[in-house]
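A.B. asks: For reference, the chains in residue letters:
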Amino acid sequence: MSTLEIKDLFVSIETDQGTKQILKGVSLTINTGETHAIMGPNGSGKSTLASTIAGHPRYTVDSGSITLDGEDVLAMSVDRRARAGLFLAMQYPVEVPGVTMTNFLRTAKTALDGTAPSLRHWTKDVKEAMTQLRIDADFAQRNVNEGFSGGEKKRVEILQLELFKPRFAILDETDSGLDVDALKVVAEGVNREHSKGNMGTMLITHYTRILRYIKPDFVHVFIDGRIAEEGGSELADRLEDEGYDRFAVQDQTTAGA
Amino acid sequence: MAETTQIDTSEKARIGAPADQEKVAIDGFTEEGENLSPFNAGSEQHGLKKHSHGDAPVIPEASRGERLKSYKLADFAPLTGREEDWRFTPLKRLRGLHDQPLTGTGPEVRVSGASNIRVETVDRTDARVGTASIPEDRVAAAAWEAFTEATVVTIPAETEADCEVTIAITGTDETPAAQHLIIHAEKFSKAVVVLDHQGKTTLAQNVEMIIDDGAQLTVVSVQEWDDDAVHASSQQARIGRDARFKHVVVSLGGDLVRLTPSSRFTAPGSEVEMYGLYFADAGQHLEQRLLVDHAVPNCKSRVTYKGALQGQDAHTVWVGDVLIRKEAEGTDTYETNRNLLLTDGTRSDSVPNLEIETGLIEGAGHASATGRFDDEHLFYLMARGIDEKTARRLVVRGFLNEVIQQIKVPVLEERLTEAVERELAAGNL
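Protein chains in written order, with the numbering used here: chain A, 1320 to 1576; chain L, 1409 to 1837.
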C-alpha cells in the first residue's frame, strides 16, 4: 500500500499584481484504494493543488510538504514525479504537434517502466483500452490531442491512466465539458483502473454529477485555499442540494470579524 | 510588401527544476490551473507571433516579376547589403563570392545511380545552357560568367530512371569557385535526382532544371557541408505542360548557405511541390528565398518549409515569393513556413509574399509561424514521465519529419533522420 501525504501546504503564484497566495495550509492523506473527491467553487485552489502535485513550474510552494511513501515529491522534477507513480489527468490537455499518439504512448510507457513494453502485448493493450473508451482506432495515428474535441481529449487522458497504471491518479475536472454518455465512459475507465486495487484517486470536480458514477470514500470541500469541511460521500449529496452558498456566507462572516 | 518575424528570445525558466527553486510564469495559466488552450480560446498560441514589419529601409520592386535578370555580372550593382534580396545575408561571410573573381576549381561532381540516364560534361556554348535560368542576383551572375564547363544530367524521353540519381558534389578547398549543373527531364520521363553537397567550399552555383511536358522530376538538394563552407545556389526550374516537379531543400551544414530555388510554369496543367528543412546551429546562417511564378493558367503549387534553430546567433531566413500573373487564371497555391526556436539567442526571419494579379483563381494562401519550443508541450510530456531531453527530441523530430518523409528515397531519408539526430545531440537537446 502507498500513501500520498500533503501536509500544511502553502502555495503562491506570481501575477501582474504581485504574489498571490492560493493554498493556505492544505493537509490531505490518500492511501491506495481510496477515492477522495475535492470539491469547491471556482478559484478555491482545487486545480492549484493538482498542478502543484504534478510539479507545474508556475506554482511556488512556500511551505508544507508533499510526500509519497515518505519520499519528498517537491524535490523531484516533473518527469520523476510521474515515474514515481503520480498521474495528473489535465483539465486542458495541450496539443503536441508532430508527435503521434502511438509514438507518445510508447515513449511515455517506456519512460515510466524503464523498459520498452513488448510490442505485441502493448499494441493489444492500447487497442483494447481505446475500444473500451470508445476512441476511434485512427486516433493512434494522429498527433497528440491535435484537433481532438474537448471530450476526446478527456477520454485520451483516461486512456493514458489505464495504460500507465499510476499509484495515484489526480483527475483535474476531468468531468467538465463532458456530455452524459462521455461522462459515463470516462467514469467507467477510472473505476476499471481503481477496482484493480493498486491506485489511489483524487477526483477534483466542481459538480457533484460525476460522483454518481465514481463513489468517493471521502469528500473535501475547498474554500479560499483551505479545506472548509470534510466528510464521507453524504457530504457530496448535501452539496448537491445546497451548493457552496453556506460556505460563502461563513467566509464573509470570518472576513468581517 | 516585406514582412519579417523577429522573435524575442528572452530568458525563461525551464520546466524540470524543482518547483521551489525559481519563480516562473507560463502563459495560459491562471491561479486555478491551466487556462483554456489558446487554440480553443481563439487567441494566438503561446510563443507564436505573427510576422511583423521589419525595420530595414528597403525599396521594393513594384512587382517580384520585374526583378532584374541578366547573364552579365556588370548589370548588377555591387552589393551593399541594403538590397531587398540581400538584406538578411551577412555579406562579409560570403568570403568574396560577391566581390572576388571566382577562380577556384570548385567541388568535384560525380554522378551515380541510375543506369538509363545520360551524363555529359559540356562547355558553356552548349545549347541547353541558359534554357531554364537567368541569374537574378549578383552572385548567380558572377557564377554564370565564371563557369567553364557544365555537368548535364538527362533523363531521356519516356524513361523512368531505374533508381535515384545521385550527383555527389564534394569540395576540398576554399578558393571562391563557380559551378553549373543542368538537370533535364525530357518528355514523360520520371526520376529522382539528389544533389549531395559535402566537404569544404566557397561556391557560387547555378542549377538549371528543365522539366519537359508530362515529365515527373524530384530534385533533392542536400547541404551537409563542413562547418566553414559558404554556398550560394540559384536553382531554377522551367516547367512544361502537365508536368510534376518536386523540389526538396535540406540545409544542415555550412557556415553560410543561401539557396534561391524558383519554379516557373510555362504551360498549363502542372504541379509543383517545394519542401525545405533547415537546422541552424550556433553561428550558422541558413537562408532560402524562393519564387513560384504562376505565369500560365491552371497550375498548382504547394510550398512547405520548416526550420529548427539552436545556439547563439543561429540565423535562418525564409522568403517565399509567389507571383500569380494576370494570365494565371485557375491558379491554386499555398505556402507555409514554420520555425521552431529551441534555445535563446537564435533569430528566424520569415517573409511570405503573395502577389496576385488576377482574381480568377482557385486559391492562394500563405502562413508563417515562428515559435519557441512550448513550455506547455514540455510540461505535458514530462508529466507522463518523459525526461526533458527526450521530450524535446520527440517534438523536434516530429516537427521536421514532415519534410523528410517527402523525399521518398529510403536510404537518404534514413541518412537525414540520423543527421537531424546528430544536430539534436550536438545541441545538448
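Please note that the accuracy of each hint is not assured.
[Claimed, not checked] To list a few chain A residues with every Cβ distance to chain L over 10 Å, as calculated: (1) D1398; (2) D1457; (3) N1462; (4) K1515.
[What the hints assert, rightly or not] In the DSS-like style, the derived pairs of lysine-lysine whose C-alpha atoms are separated by at most 30 Å in a straight line are: (5) A:K1484 with L:K1500; (6) L:K1734 with L:K1477; (7) L:K1608 with L:K1500; (8) L:K1797 with A:K1443; (9) L:K1816 with L:K1598; (10) A:K1515 with A:K1484; (11) L:K1708 with L:K1654; (12) L:K1797 with L:K1477; (13) L:K1797 with A:K1446.
I should point out that these hints are in silico values taken from the structure, not numbers from a laboratory. The beta carbon of each residue, even a glycine, is placed where N, CA and C say it ideally should be.
A.B. asks: Can you give the numbers of the hints that this structure goes against, from lowest to highest?
C.D. replies: 1, 3, 5 and 12
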